[in-house]
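> Starting from the known structure of chain A, arrange chain B on it as the hints suggest.
There are 2 protein chains.
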Amino acid sequence: MATMNDETDAWLKSSDSSDYFALLKMPTIGADPLHLRDCVQAATWLKKWLGTIGAEAELLLPSGGGAAVSASVPVVFGELKGGEGATTVLVYGHYDVQPPDPLEAWQTPPFEPTLKDGRVYCRGAQDDKGQLFAFLCGVRALLAAREGRAPVNLKFLFEGQEESGSGTLFRLLDDAGFRKRLAADVLLVSDTGAAADLRPAIVAGLRGVCHFTVRLAAANRDLHSGEYGGLAPNAAQGVAELVASLHNPDGSIAVPGFRDGIEPPTYAEQAAAEAGFATEEQLRADIGTEPCGGQLGKTPAQRNGFEPTIEVNGIHSGYGGPGSKTVIPCEAFAKLSMRLVPGQSPAACCDAVKRHLKDRCPKGMAVSFPEDGGLSAALRLPLASPLFRLAEDVLTEMDPRGPVFLWDGASIPVVSALKAASGAAPLLVGWGQPEDRIHAPNESYSLRQFALAKDWARRILAAF
Amino acid sequence: MATMNDETDAWLKSSDSSDYFALLKMPTIGADPLHLRDCVQAATWLKKWLGTIGAEAELLLPSGGGAAVSASVPVVFGELKGGEGATTVLVYGHYDVQPPDPLEAWQTPPFEPTLKDGRVYCRGAQDDKGQLFAFLCGVRALLAAREGRAPVNLKFLFEGQEESGSGTLFRLLDDAGFRKRLAADVLLVSDTGAAADLRPAIVAGLRGVCHFTVRLAAANRDLHSGEYGGLAPNAAQGVAELVASLHNPDGSIAVPGFRDGIEPPTYAEQAAAEAGFATEEQLRADIGTEPCGGQLGKTPAQRNGFEPTIEVNGIHSGYGGPGSKTVIPCEAFAKLSMRLVPGQSPAACCDAVKRHLKDRCPKGMAVSFPEDGGLSAALRLPLASPLFRLAEDVLTEMDPRGPVFLWDGASIPVVSALKAASGAAPLLVGWGQPEDRIHAPNESYSLRQFALAKDWARRILAAF
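Listed in order, the protein sequences are those of chains A and B.
The first sequence maps to residues 1 to 464 in the numbering used here.
The second sequence maps to residues 465 to 928 in the numbering used here.
So that you can see chain A by itself, here it is in the shape it has in the complex (with noise of 0.2 Å):
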């Protein structure tokens, strides 16, 4: 009988570890200049791989020229054709990662994998390389089985900004004969995550995302605040203020016009995401604490799917060193970000809430808006769908349970994109898991989400 130290030692010898680690090895930070390299290197691996299988593949960057696009990252496109009238089928992933600080919260080099009881530590363990390369694996075992014949046409698209705006590929997609080439019936994406306990899911719904800075000018200096203190207007005080006037005291959204136009959830929608949520238990033991961010007297799964939320993401004044210094800060910042549900417009939500700020804007400040960032809306996927049956039925066979359909709280702005570029139904399944601590130090995929990953890819692809 087969021991899980067998298994895992099995799967320690085969290409599909290795691979893995090489790949993971690459500190591939699309957001970073001084990483461009990693980011060149790691997406030419990926070719080279692709052509291992297979299929035809190349590096794309728009054109145009410039030194903008030099310092681009480079979107991995193949292609491995399958039979004549078979479904065509793109699968899209990213290989870049987050920035792995602090780094001294790693208890293992953020690049170099390390597998400790059945998990693999890295950046990019999961989110996306593990995700993106054990589906791959799964590609590779389906073809290697019916001798390198595909049962359906086949498309990849590689990205390497994804943490960061996805410039490269919506560049790529402004060009009408590339959109073309990625028309597709089906969009594969393996970058979400399962339901508690590995029971698979499907995406049903992705909220949609905007962020911008606010910045709050007081006095022309930061002021002694016993020579001015009752005189002069607090900058750090008046953001505070700011800040807290976006919501009402039972947690919801205080801002006029926001949920303007907003689609409220189907009763099977909302009644499919009940099923399919953590419980208030799960919550509280992966967070540390009350699970009580949003409105008051709503269910989380309805707070997290289908609520938007305006969330301060950093907030910045005055002096934060050691022991105190008296002063009356002179300017402040916030960072905010707001995720849309579907009927949202991204922009008018942006102006909503900076008109708002500008309104109550404390005397003797001003406030102005030096970063913009994003906006991207909700996405809805019907359940009701040919698509959605044929997923169940094979995550069904995965899994007797049968698959949970989730309304995901995050936002994968490239999808909505790459659905009208396509004209491919979308179809989100993949394997993560909150403890796998993507975006934060000592990230890590186990053994068995990667071996589920790489038996949905293998599944999936034979049934269509």
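Incorrect hints may have been included.
[Unchecked claim] In silico BS3-like links for lysine-lysine, alpha-carbon gap of 27 Å or less:
(1) 363(A) - 762(B)
(2) 827(B) - 298(A)
(3) 180(A) - 81(A)
(4) 81(A) - 363(A)
(5) 48(A) - 180(A)
(6) 81(A) - 116(A)
[As the list claims (entries may be wrong)] Quick look at which bits of chain B chain A covers, simulated, 3 or more residues with Cβ under 8 Å:
(7) 790-796
(8) 866-879
(9) 913-921
Simulated from the structure, these hints should not be mistaken for laboratory data.
C-beta atoms are modelled at their ideal positions from N, C-alpha and C, and glycine is treated no differently.
Okay, now just chain B, sitting in the frame of chain A:
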């Protein structure tokens, strides 16, 4: 007729300027252990300087020993006997300065005294090496005119930790023998400001101060604002709500019990404070925005002199770099300082604010107070005293407008302690102006202010 340039040239050739510049060049950042040697050097220099005018001086450190003592910054204490039965005057000042950060904002090197348009630019040019040393130049001139005989018994006390809590001095004050040596009739302090247009000012009150750091903890880690938005409590939003809760919409303090015990000013005090205070226009020009801090409906003089404040000196949580990082911060910090008026107990005020914050701690979060500092009560000096009348006469000789009385919004915690230790009546007359920019880059002190401080020393000491 002597021109301005002639006067400047004469001053530059005098020992007043060369000694002053020598003292300024020593980077006496008392709070920074790396500058302990510079502080010891400056203390030694002052001791020797006192010797040149005939005073017996020494450097003092608390007895006891150990690393803390060897690392502490010495106090300079000197004595110069006057005639039998003469008034004893204790002269207090400090030779330490604030750190010069941010360095890039200085137009000349912060420890290179630079004369430009009648002003000396240097960290400490005013606070307090300039005010202290100009006073000493007055003492020297007075003695020179009297063949070295002092009209009063002079005691000098110069510390090197005023900007960082007066540690050495407070420890010395624990010693009854030292307190006895400080016994005096008058405590002369040169560390305050004049009124607008350099009209002389006598400080009739100082606010007290206390401060602490607030930490707010939420989840066990920073969380993805999409995956956890609507679920996890947000520490940045929590700290904003807590800070905003400290004040009412009219700017008054909302902390229960905070105003307990306040002794309101008399009509005479209020009238004198109004007469001596900067106008709204002057304040606006100084700070570059509306002087609208504090409670609506009270005058600037009331708000700065007779009202307590709670100021946010800093607020920090989550991401603060360029662009966006869509996290839900798991912790947040705020630095609070309170200015107190007569009748308020510093310890009780700190407790009241902490209780207020604990009572309002947002759900899912925990509030704690990792740092505490400085508990100093307000100082109220009687308007109708013979000492004030004498000072008024001297200052009216110097300036026909006569002095105003100031209730200084700032705090000099050591004054109350020295008053108690020496039994002396405090007399705080200084020549600071807002444009000196103390504690900020490009601090400066004009030759005019230097001359006034010197003249004041000569005249007041001769008048006792």
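> Now look at each hint and say whether the structure bears it out.
How the hints compare with the structure:
| no. | hint | in the structure |
| --- | --- | --- |
| 1 | 363(A) - 762(B) | holds (16 Å) |
| 2 | 827(B) - 298(A) | holds (16 Å) |
| 3 | 180(A) - 81(A) | holds (16 Å) |
| 4 | 81(A) - 363(A) | violated (65 Å) |
| 5 | 48(A) - 180(A) | holds (24 Å) |
| 6 | 81(A) - 116(A) | violated (39 Å) |
| 7 | 790-796 | holds (count 5) |
| 8 | 866-879 | holds (count 4) |
| 9 | 913-921 | violated (count 0) |
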